[in-house]
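Protein chains in written order, with this note's numbering: chain A, 1 to 466; chain B, 1 to 466; chain C, 1 to 466; chain D, 1 to 466.
What the hints contain is simulated information worked out from the structure, not anything from laboratory work.
Fair warning: there could be bad hints in the mix.
Given that identical chains are not distinguished, each listed pair holds provided it fits within a single copy or across any two copies.
[As the list claims (entries may be wrong)] Within a straight-line C-alpha distance of at most 27 Å, the following computed DSSO-like cross-link-like pairs (lysine-lysine) qualify:
| id | residue 1 | residue 2 |
| --- | --- | --- |
| 1 | LYS82 | LYS21 |
| 2 | LYS422 | LYS441 |
| 3 | LYS218 | LYS459 |
| 4 | LYS53 | LYS431 |
| 5 | LYS418 | LYS97 |
| 6 | LYS459 | LYS225 |
4 protein chains.
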Amino acid sequence: MISRSVFDNISPLDHRYSLRKEEFESYGQYLSEKAKVKYQAAVEVALVKALAKGDVCSQAVADEIEKAAGELNVEEVYNEEKKTRHNIRALVNCIQKRVSEEAKPYVHFTTTSFDIVDTANAVRYKEATEGLILAILKDLLKILMEIALREKDTVQVGRTHGQHAVPITFGFAVAEYVSRLGNRIQAIKLAGNNLRGKIAGAVGAYNASHLFFDDPEKFEDDVLKELNLEAATHSTQIVEPEYITDFVHSLVSCFSVLASFSDDMRHLQRSEIGEVGEYFAKDQVGSSTMPHKRNPINYENVKSMWKEFMPRMITQYQDQLSEHQRDLTNSASSRFIPEIIVGLLSSANRLIRVCSKLVVDHKNIEKNFDMNKEMIVAEPLYILLASYGHPDAHEAVRRLTLEAQENNSTLRELIKDKDELKPYWDRLTEKQIELLTKPEKYTGIAAEKTEKVVEYWSKVLNVDLD
Amino acid sequence: MISRSVFDNISPLDHRYSLRKEEFESYGQYLSEKAKVKYQAAVEVALVKALAKGDVCSQAVADEIEKAAGELNVEEVYNEEKKTRHNIRALVNCIQKRVSEEAKPYVHFTTTSFDIVDTANAVRYKEATEGLILAILKDLLKILMEIALREKDTVQVGRTHGQHAVPITFGFAVAEYVSRLGNRIQAIKLAGNNLRGKIAGAVGAYNASHLFFDDPEKFEDDVLKELNLEAATHSTQIVEPEYITDFVHSLVSCFSVLASFSDDMRHLQRSEIGEVGEYFAKDQVGSSTMPHKRNPINYENVKSMWKEFMPRMITQYQDQLSEHQRDLTNSASSRFIPEIIVGLLSSANRLIRVCSKLVVDHKNIEKNFDMNKEMIVAEPLYILLASYGHPDAHEAVRRLTLEAQENNSTLRELIKDKDELKPYWDRLTEKQIELLTKPEKYTGIAAEKTEKVVEYWSKVLNVDLD
Amino acid sequence: MISRSVFDNISPLDHRYSLRKEEFESYGQYLSEKAKVKYQAAVEVALVKALAKGDVCSQAVADEIEKAAGELNVEEVYNEEKKTRHNIRALVNCIQKRVSEEAKPYVHFTTTSFDIVDTANAVRYKEATEGLILAILKDLLKILMEIALREKDTVQVGRTHGQHAVPITFGFAVAEYVSRLGNRIQAIKLAGNNLRGKIAGAVGAYNASHLFFDDPEKFEDDVLKELNLEAATHSTQIVEPEYITDFVHSLVSCFSVLASFSDDMRHLQRSEIGEVGEYFAKDQVGSSTMPHKRNPINYENVKSMWKEFMPRMITQYQDQLSEHQRDLTNSASSRFIPEIIVGLLSSANRLIRVCSKLVVDHKNIEKNFDMNKEMIVAEPLYILLASYGHPDAHEAVRRLTLEAQENNSTLRELIKDKDELKPYWDRLTEKQIELLTKPEKYTGIAAEKTEKVVEYWSKVLNVDLD
Amino acid sequence: MISRSVFDNISPLDHRYSLRKEEFESYGQYLSEKAKVKYQAAVEVALVKALAKGDVCSQAVADEIEKAAGELNVEEVYNEEKKTRHNIRALVNCIQKRVSEEAKPYVHFTTTSFDIVDTANAVRYKEATEGLILAILKDLLKILMEIALREKDTVQVGRTHGQHAVPITFGFAVAEYVSRLGNRIQAIKLAGNNLRGKIAGAVGAYNASHLFFDDPEKFEDDVLKELNLEAATHSTQIVEPEYITDFVHSLVSCFSVLASFSDDMRHLQRSEIGEVGEYFAKDQVGSSTMPHKRNPINYENVKSMWKEFMPRMITQYQDQLSEHQRDLTNSASSRFIPEIIVGLLSSANRLIRVCSKLVVDHKNIEKNFDMNKEMIVAEPLYILLASYGHPDAHEAVRRLTLEAQENNSTLRELIKDKDELKPYWDRLTEKQIELLTKPEKYTGIAAEKTEKVVEYWSKVLNVDLD
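Just chain A, with the same shape it has in the complex (with noise of 0.2 Å):
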């Protein structure tokens, strides 16, 4: 078995990122190289599951080839392919080896290389969506919906262009990120399982498997059913790549809505701003010289690493692109789409350990929105002079504003000796006034719009909210 040092390996994610032992082996189990070749022999074996079923080899061949591939190991296949410098060619051999002469000529019968290496991605990519990458979103979906629940009255400034708006809660803002993700979800969900497999031979023409069948398109059916699988509507020595693409958009679209998020959990950080905390461990060191330094170093990681993983969708694009019936420049590549899922997972699996600790300074909240109380009324102020039938209300109002910060008072004190605006005051109901006073009511529908957001996406994606 070739072992080494994890510190001996190139990629970070098989050696920083890849230390928490149990996260590590949860990716393993469908990402590594090991479960590749797992996958692959498990095709090899639904196809002859298949020619069983179809009467073309007998079912004590299929079961002495479905013990055999059970058998073997990642290592073997990798020493038999020194010999014969194809992978596939490899596997085939070394089930070949472990069974009778009977069975041999069954194994990969009229099949070529792809038909195995796409389908078993196609099932390993599928039912890794379900069984990791969608539990693991899910889980840190949960969180932020507890957190927007928690939060959904607590008025904070709303800001756009980093400027102060008007006023939302926290629990709206997080509502954001909770629809998002959740959108997010739902994609990688139907793409996931959208995944194609194929059985369809060297140039997609069903060649072979038309020697020995009429239907050549039922026996791939079978073959794929055995897999959970269905077939693309054409294919050539491989499955349109179309699925697949759509499957890593679906990823890289949803790292965006994370690192957007981390960047909004980065900023509302800020020295200044201090609205949320990341929670320090008793040991832990900020920088290495300034002992009093708090840094938001794992959303800063995920923005990282999302600036990492994002642009490799420009392989995907390009590995659209195949010359006639295929030429293999995109294998090597493809061979790398499950770090593309590491990546993710692993900033996912970073965003629940810290958001399940996140830390809301309510005091922070409410000084900071403070700041600009008196100027967050301008926007119901100029509606309401609009509907009450001031004609340039917008422009009024922006002129108040100037003043008042020149004059370093507030609106509505100036509104009061403005002859031209005092008479649309005047016809304002109590109600109306009280907002224009408490701009800590001026929240919208913020609060209700969070708990819809949440019920909706745990209807729909099966959230159970404790």
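Chain A is already provided as a structure; the job is to place chains B, C and D on it using the hints.
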């Protein structure tokens, strides 16, 4: 009116690639700056219609505003923007100037700029999808379908790794692109129709509209219904970015399919292959110095345009990140999305032109097929040997092909002389022997599959084949 | 003349971002389609001058051709291209039409289209570098230098991870961008001046020119010398792509520097920070619905433009791949390089406008600095403790800061009560104690370094500071 | 020690592409996590040496720390990090544990983590450039040089647009890559040697070091001199990003050259062309189902690896943006740079293996050349006609080639029958007529140029040709 020579423009889309008047005008309907402002005005109209419906203003006010919005032109709005330095405020001012004092306040009532901008983009891209994008792509699809059917029985050597593999038909090769383009048309349709609008105000919490509506989401729905749109589950100042990200992904991944097809056609035109050709006009010059050249310039152009536009997907992923309730760093970049659409359509239109005159050289197809005719039978030979119980058929045939190449003989001549193989040969049926001697029959179900693929997509996408 | 309203254009570069007449015209000199054709004609002229010099044709012929080339216009060439469907042949025809029978053969003599196209691009990008790109970037650099010097003593809290760290000065923060922009200007200059031409014929082997010249490389040099260019070490039909790849890399990496600066300025404008501001015109609207907003729209715009143009580097890397002696799949894509330049320059010009009115809010800078003044001394405290022999100073200070935060006290109050630390405190010099009590002095050599950086780059790049 | 089977790893670089022991170990010296920590320790040693030199600590202290740094191993540092959650603090602790109380304070004295991290990366990438990257790339260059010289007289048809153009030699075609690879080696050398370090503290203003040094920049220089590095003009917490951006650009643009070469070789191996071949081992399997296939898998692999690694340049451009005196969002992403280097080198090593056994099929080269031999003379014919005064030679020859194709005759047969052309023909010299009848002589200066290119780069880069 600011007008200028097209040759003063910077973007090739605005000079070189926009000289076909009709084509360019068809894009402009949805994708020029003029069109954008028109769509923004339409959202302002939808808004006031919903206000009238909800009895916030009178129908007369709504009519007045609709009329005014219909009259304005883009130059006027840009002139106004020189003062306001804010494009939507400029639009609003231009409408307000044209209406009565009573109507003025209801222009843009309770909304924020990006209620208008994002909603207007959603409508125009959605309408462009139906009215422009799908129409052109289906025209191309139809031509590919016709070629596929016409050439479904044209035996061609299948190629993998640029090497002769086993036979297909040329129609089957084209059916690959019928299927992949069909699949992308479906994806674009889905994503285009799924674009969303919003009328949720400055930070998405319906702060302003809630001053006037108990159920501001219902009001939002009313406005959007006028435009045949739905709202996203959650908004901030902007619509959740993932809808447009998915839309652009569908376009870019479709572009890759066109590029892959173009690569195939280019290579089939290589001097040594010569299986297809581009029709050349009488006076057309292939090379400025080599008068004998016939270059596949149109397919080269499509590949080149793909290289230009595909990487822009990165911009979309970056634009998914927006700080808090939004920063404006996606504003300029999102203005370039029309370029991607025009890039794609201009390539599709080019392929329509060139494919409708696609010349297939049947003689060369046959000549190339004949080159490795004898070797092609290696695959069925190996499989048949295996099925008749040869324990190591692949290896046996591999050695045989090496021998055949060295001795310049054929597999079937050699096999008879091999004591080891002869017993299997003798057991082959007449039909099987015919196949090994007439490799042009070894096309699997290429022809039937071609028909099936064409039929499937013509049904799914309602493409009538005359 | 084909002319149209700018608002019929597709690219924002040809409508929204090209409305400043002078700016747009300065770009157009080098980067419009008109300019391109003009430069191509200039290469044809250089060619015939070299022919005359080498006595292949007469000087009269050269003069005649030069005159003809000077007369033609882009519309004429495009009209001719409708017939030839080949742009360089069209150019050649247009020149030939204007000259005598004797001169006709010497137009384009022995060259291939891409001798002209690639050489013309090299000259125009090289001249654009000197005449346009560097000029604008240096204007920006100069403004940054002035701000840096002006604010070199303005104490500001340094920020890492968005957290207050130790002090710098605002001038020092700006000096970062003086240095990085200076460095990129140098890189652009180098890459722009290193662009290469070729007159090596259809496949680069000087096949045609060798019919007439014993040393066709000398003839190539003669032509290129007329244009102030050198040849690459080797050519095929095209110039080796790496020269232009390096050039675009220098532009894109410079764009990133502008984007990083813009990010900093945006964040320093956040409501809670407010250290810098964009000057706002009297009538300028910040938000269509929130009249009180002052948004950093210009910095946001630069960041957004960077997101649009940066990914296009991928196109360049793809264009490095060209089959055999070239395929044409880099032709359309390379036509978009001017867009990248205009994107960069339009952002630089924007920064020039906004930085020349940059407002620095010294009060807020001080206020923010004061927030963590007491904690800032943690670093020098730890280092001084260490230097006086404390064996674990970092850990000791880290615990002290935690205690200070909990008790709302200062480090220097606490330290005196700690039996363990007091001995070290007592050994501090007066100057060191002053530093720990006046953290605004703890700016290292920020001011001197600012001066040094400005001086260095003003010398290296010949930027005169008035 | 955490060790695991390579097949448990996620990255193909850590399983499939790292099985050649010697190759992998050569990368690991600089690029594994182990190597990184070793280089970081070396920076801590350089620091204390400079302290001793400046009499801040004793030489004995420096020696003690050097010894301690030499003893530690990566596992130990990672174990310590579990407590500190800060990798550089962990490194410092591990060194401190090993030294006397007197020495402890001088470990990491006055520096911040990224003084160590960025400087260590600069040294290791710089040393990797000289010791690893350039060595491998020059080995490849040398092989290409040998092929170029060996085949400099092998007449081959030049190809543009995949179409036969005018003749070159195969050596000349390879000389293209000698030149382009040589150019990139030079670029990598330059960028690698230009990597910079920093010892400027937490925000780059030398705050801490200025407590002890009047001229802290001199102290920085002292430390860096120990490591054979220079400082950048300005630093924040990190080194200016442009140095590493340029370095990665040089690698990526070099990778594109390898990919372009691989594309050419792949296409020259197409069944219909067959001009070059990859040597195939006796037992090597071309296809799992088509035993007769000989696939250009190594060239396909290189192209595929390029597709994987090239897009990662986007990460570098994004990492140029860092907020204020730095945010940490470039930390995780920059850890992946070694992957790009390994990707490039692993491809270069693969090309070395395959090119050293490159098989050139001279028969096929000749056969392909002969295909369009008669048409090839179109270019010299047109140019000669022109030079003898034909007013429209290009058009005349273009029409002649159409006629020749239709009538299946040759240009030189046709020309004599044309009254219009005959006069020019009669004026051709004997040598010119020979050339038109022996197109294989029409190779320009292909052979001389090949020699020149090889000689130039072997001198510039000191590559000895045996």
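Checked hints:
1. LYS82 x LYS21: between (31 Å within a copy, 14 Å between copies)
2. LYS422 x LYS441: within (23 Å within a copy, 52 Å between copies)
3. LYS218 x LYS459: between (37 Å within a copy, 21 Å between copies)
4. LYS53 x LYS431: between (76 Å within a copy, 25 Å between copies)
5. LYS418 x LYS97: Between copies only: 24 Å across chains, 96 Å inside a chain, cut-off 27 Å.
6. LYS459 x LYS225: Between copies only: 25 Å across chains, 30 Å inside a chain, cut-off 27 Å.
Violated hints for the displayed structure: none, as all numbered hints are satisfied.
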